[in-house]
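K.L.:
Protein chains in written order, with our numbering: chain A, 88 to 262; chain B, 19 to 122; chain C, 4 to 617; chain D, 344 to 845.
Keep in mind the hints are simulated off the structure, nothing from the lab.
Fair warning: this is a prediction, and the values are worked out from it, not measured in the lab.
Possibly wrong hints are sitting among the right ones.
DEER-style ranges, computed between Cβ atoms [unchecked claim]:
| id | chain 1 | residue 1 | chain 2 | residue 2 | range |
| --- | --- | --- | --- | --- | --- |
| 1 | D | K795 | C | V24 | 17 to 25 Å |
| 2 | B | T115 | A | L236 | 52 to 60 Å |
| 3 | A | L236 | D | G400 | 23 to 31 Å |
| 4 | D | M359 | A | V203 | 52 to 60 Å |
| 5 | A | V203 | D | V366 | 54 to 62 Å |
| 6 | D | V533 | C | V613 | 42 to 50 Å |
Over 12 Å on every C-beta distance to chain C, these chain D residues come out as not near it, computed from the model [unchecked claim]:
| id | residue |
| --- | --- |
| 7 | P351 |
| 8 | P454 |
| 9 | G643 |
| 10 | G703 |
| 11 | W742 |
| 12 | R785 |
Note that CB positions come from ideal geometry on N, CA and C, so glycine has one too.
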Amino acid sequence: MSDRSLLSPTGVDVVFALLGAVAAASALMVVTTRQIVHAALWLVVSLGAVAGCYLVLTAEFVAWMQVLIYLGAVVVLLLFGMMLTRAPIGPSDDLTGTNRLVAFFASVAVTAVLGVLVVDAFGSTMIDVSGEPSSAAVMGEALFRYWVLPFEALSVLLLSALVGAIALSKPDEGA
Amino acid sequence: MHLSLPLLLSVSLFGIGVYGLLVRRNAILVLMSVELMLNGVNVSLVAFDVFWAEALRAGQSLAIFVITIAAAEIGLGLAILLLLYRMRGSIAIDEATDLREDAA
Amino acid sequence: MTAPLVMVLIPAVAAFVGLLVGGMSRAAAGAIAVAGPLGALVVAGLLATEQPWTDPIVDTGFHGVLQPFPAATVVDGLAVSVALMVSFVATLVQIYSIGYMKAEPRYSSYAAFVSLFTAAMLAVVVAGDLLLLVVGWEVMGLCSYLLIGQNWERQEARRAAVKAFLVTKVGDIGFIVGIVVLIGATGTTLVPNAVQAASSDPTVATVASGLILLGVLGKSAQFPLHAWLPDAMAGPSPVSALIHAATMVAAGVYVVARFYPMFLAAPGVLTAMAVIACITMLGAAVISLVQSDLKRVLAWSTVSQLAYMVAALAVGSRDAAVFHLLSHAFFKALLFLAAGAIIHAVGSSALRDIGGLRRSMPVTFMTMTIGLLALVGVFPLAGFFSKESVLVAAEHAAAGDEVVAPWVGWLVLVVAVVTIAVTAAYAVRLWMLTWAGPRRGNGPIHEAPPVMYLPLVLLAVPTLLFGFTALDVSALPTWIQANATEPLGTPAALTPALVTIALSVVALLIGVGIGWRSRLPSAIGDGTSILARGLGVDAAYDWLVVRPFLVLVGWTTEFDQHVIQRTVSGVGSGTAATGGRLQRTQRGDVQRYVSTALTALIVAVVITLVTVAT
Amino acid sequence: MTSNWLLPALLVVPLMAAGILLVAGRRAERWATWFGVGVQSVGLLLTLGALAEFKRGSAGSMQLVVEAEWIPELLVDFRLGVDGISLPLVALTSLLGWCAAVYTVRRVPEPGRARAFVGLLLLLQVGMLGTFMALDLILFFLFFEVVLAPMWFLIAFWGSGERRRAANTFILYTVLGSVVMLVGFLLVIVKTGSADMVELAGGLGEQMSGGAQLAAALLILGGLAVKTPMWPFHTWLPDAHTSAPTVGSVLLAGVLLKMGTYGMVRIVVPTLPDAMVRIAPYLAAFAVIGILYGAMASYGQQDLKRVIAFSSVGHMGFVLLGISTLSVVGINAALFGNIAHGVITGLLFFVVGGIKERTGTTAFASLPRGLYASAPRLGFLLGFAAVASLGLPGLAGFWGEFLALVGAYHPAVPEHLYYRAMLVLAAVGMVLAAAYFLRVLRRVGQGPGSEKTMDDVAADEWLSWTPLIALTVVLGLVPVLVFEVTDPAVRMVVESVAGALP
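Sequences and hints are given; from them, build the entire structure.
P.N.:
Listed below in structure tokens is the structure:
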């Protein structure tokens, strides 16, 4: 943390702001576009920009995880999902429901409340992003030194999710 | 760097996710909105981690956990959606209203 | 265990044992039944030998309201003499019942209830504790209900039993509240202490004695709570003898006598008593004159004679009242048992079925004639002396020698003399219709078996001789001192006065004349005239109490179903309706749910933030 | 020797027995009822042990106390104990439970399933005993609620007539009441920081502000009044009684109703004396209305069980009147009235159950007349119980009512004249009680016909009823058996009120 003036943006601030703007804008596209495949692609852009933000914040390992898991796996899964459910290709009007107004106000309200809260609480706080990035080595040490038990629990969770997903997808189950 | 910058990003991602969650009919798009919300939370987790800068790396570790769980969630969610699609030929969530209360 | 308690417990235990094993053997039931009152009689006799009872209060040391058992007793002349009378009459009734109830399938329970009745009356008599008094008082009410309803197959008996219980119970509202007031105001349950404390405070004395008077009116069948007694004829004749002579009705008079200092401290209550007694005395005697049923004549006569006792109490002479109570007990028990013998022989109690029985039932004839003469008050029978003592007391009051106003004494004196005439009239009528003239009805008539006429003879003896005991100061007047509840005075002989003798002889002759004129069977009537039905008091009950009560019951039931129930079920259906309306929002649209939840959450957060910020 | 295990054992034994029945499976159907008798006998022995261990000399203080920390965050502890107020009720509960178990051996109501029936009875026993032994507000509430579920099942599955409706009314009504009560409890706990009844009664409760006391007292009394039931919260009672199986009616009238009035004496009066002094005159009015109303409504009923149910409203009115005087005599009378009503009305419901078993009905319209002749012993018992219930001196029913009147003559609250008016009205109620019971006896017991046409009281019925008959007589003749235990405890309670008087 430094004692620089509040209103003097540094380069890092600018880079972060640009990346953030990209992320937010493409996220907006995700929830508004009329083409379902486009939404997935905008999601890629948004998540990628967020990954960039992580890099700026010196969270190197998290950024790569973001890229690997979200961009690599999740989005692909989603695309497969669209394919299997015969999502319409091309613009479609029934992607959005009828309660647009309510949703708008609710989300704006959430954003506003949280935003006001954040600015009110941390408006003048500075963080230091000049330190050593948290590489895989650093994170690995943290994870396996302090967070082993949750980590293992998580692996069990993943396993059961896997089993569950398979069980659900078997054609002769359910229905 | 201002702490409020990542936090504001986090808030806007979350809000946008909320909007998508409430407004989208296609269940896959709803899942995407949920991902956006999770990302929003992740951003603030990482930002606060940098703010505290302690050896435990709690924020980043939790972010990683969240990402993992998100992956699991997407897997399960899509499996459920596929099942839904097979059963009724549509994944519009406003048509999945079997649990409604019929007026007595 | 003190002797008075033993005296109460012997018949009570006999009742219990009789109920338990009486069903097995009739002979055993009879033996147990007689043993109960007889045992009490023996104990009472033993107590009598201890005269004078210098230590009359047997205090058990417990006389709060939360005591082990309210067992304090009093043993003074009043208690012992009444107890002697009660157990004597009850014993004879039990002996008599063995013959009279021969065909009764429920004899064992009947005999047990008679024993219990006796025990309850004895408990009232020796009660030195207000709570014991209440116990005896109320148990007696129950026993009267049970015994009057002995033949509950007949609707008449069922009705009479309920009526007896409820009418006396109405009086008992006053009695119970009166006892509560007495306990509350004096802070003790010991009868002597409570009476003493109450009589020194005119307010308490008036309130408590006025309330207790209500109970006395019920038990001793005084106007307007008298109507149960004539109907109580539905019970078997020995029961009538018991109720009319020894137990139930005597209890009311006895309680006033026991609480007498307190009543003396409340002249207003005494005046009310006098007025009530005068109404009852004359009214009941007149009604008795037109009855068409043997037992009803006697029943109304009891009401009238009880009024003499109440009147004596009202004009300040407890001794005269107790004297008449005792002598009346003897001759009235005799009359009822004799009536029972007639009914036993004839099979009916209607006067038109009875007549000319003189030859076929000589013993009953003789004894009943003695009883009737005593009732009328012919010298030298007991009734003559006791009635004279009442008249003398009234004369004293009229002269202004007592706490009540002289006009009260005059009133009692005049009404009592007139009633003597009416009494003579109905007694003569009854005698003529029963014994004289030709035999009505058919079938052979036999004298009652010895087990039944023996009690008649035994009762005839005191009826003949008891009156003389009052002439000697050291006899009855000393014996009936209530030194447990009031200081020992110098007793005066209950001697008749010349003036009252003259008055009553004149009245008596007039009455005999009237009775002679109404002796003919054609004058019996069917018992339906307004006079015969007790001057419409029953109708008044019906309109003033029963009907309003039933209307209230109807209202209550309606209210319960339509207001309270409906309010409750309205709350239920209202909830259901609201739920139905809320249900419509549950359309299964997840996104709407989330929108609502989120909006609510935000509102909550904003409110919290704003309140925290300010 | 320490005998603190007695009270927990009283709860654990039936609980474990119920558990055993649960896991025992089908083959338990045959021995379930006998097992029930065994367990209840053990319970009765334990109660006798507690009676023996109980030191009468210090009946005013809690004895056989067991304490254990339970949920310290919520200020809730597991605390059991008995004093003179609760001991008689514990004994009554054990006795009635035993009677019910004996009665059940040969008379499991339709549709059978003895295992479940006995199990539920045992569970009920746990709740009832626990309520009377709990020394912690939340624990009290917990046991108070435990009672409801088994009773619901008993009425809904083994009942007759409109049993579901009756069961639902019962549970909704009483749950509503207890929720209100819980709010009151929480108010007390929050304001004083303690849920310990002894501590609260010992002066902690009085530290609450007047308004808070009043609010808490009204809430708690509201809940307890439903259970009592105080007029006008009584409507669940007739329905529940009419539909419940015999044993259910007996326990409902004999024990469940007592939980309400017990709660008042145990919790409200000593903990919130200021408020109680202010509420007492109103409580007295409700009590007297209940007495008169119960009597008149009783007279208007066309069903034997409903008559008795409404008579309970009247009798509990006397109990409430006793409590509302806040005097030593009055509260003693109330506690005695509780016991007496439990014994007598329990007996009445047993007898009426016997009549129903033989004739298949309790409606006057279809009941044959002349029970005195057709089944003399049963008729005698009906008469005996009715006479006891209408408050004949010398039987148990009288003392509670009479002493409530004596208490009302000298209430601890200032409105003496008002209370004396209430006294007179209540005395009128005593006569009305006689009227409706005589109507019952005249309609059912008496009547034409003197043939012996019905099975008379059987041996097992005698066995299960005799304790109640005996107790009715014994308590009537020696009421001090109860008073010597209750009086010291009541004096403690009244002392706490004395400080609150103006």
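K.L.:
Mind verifying the non-interface call on D/P454? Its CB should be farther than 12 Å from each CB in chain C.
P.N.:
holds, 28 Å
K.L.:
Mind verifying the non-interface call on D/G703? Its CB should be farther than 12 Å from each CB in chain C.
P.N.:
holds, 24 Å
K.L.:
Does the claim that D/W742 lies outside the interface with chain C hold up, using a Cβ gap greater than 12 Å?
P.N.:
violated, 9 Å
K.L.:
Please check whether the beta-carbon of D/P351 is more than 12 Å away from every beta-carbon in chain C.
P.N.:
holds, 32 Å
K.L.:
Just double-check D/R785 for me: nearest Cβ-Cβ distance to chain C has to come out over 12 Å.
P.N.:
At roughly 5 Å from the nearest Cβ of chain C, D/R785 sits no farther out than 12 Å, so the non-interface label is violated.
K.L.:
Using the C-beta atoms of D/V533 and C/V613, is the stated range 42 to 50 Å upheld?
P.N.:
Distance hint for D/V533, C/V613 is violated at roughly 25 Å.
K.L.:
For the range 54 to 62 Å, tell me whether the beta carbons of A/V203 and D/V366 fit it or not.
P.N.:
holds, 59 Å
K.L.:
Taking the Cβ atom of D/K795 and the Cβ atom of C/V24, is their distance within the range 17 to 25 Å?
P.N.:
Holds, since D/K795 and C/V24 (Cβ atoms, about 19 Å apart) stay within the stated range.
K.L.:
Within 52 to 60 Å: is that where the Cβ-Cβ distance between D/M359 and A/V203 falls?
P.N.:
Check passed, 59 Å falls within 52 to 60 Å.
K.L.:
Indicate whether the distance between the beta carbons of A/L236 and D/G400 respects the range 23 to 31 Å.
P.N.:
With Cβ atoms ~60 Å apart, the hint is violated.
K.L.:
Hint says 52 to 60 Å; check whether the CB-CB distance for B/T115 and A/L236 agrees.
P.N.:
violated, 41 Å
K.L.:
Taking C-beta pairs only, is D/G643 more than 12 Å away from all of chain C?
P.N.:
violated, 4 Å
The structure shown violates the earlier hints numbered 2, 3, 6, 9, 11, 12.
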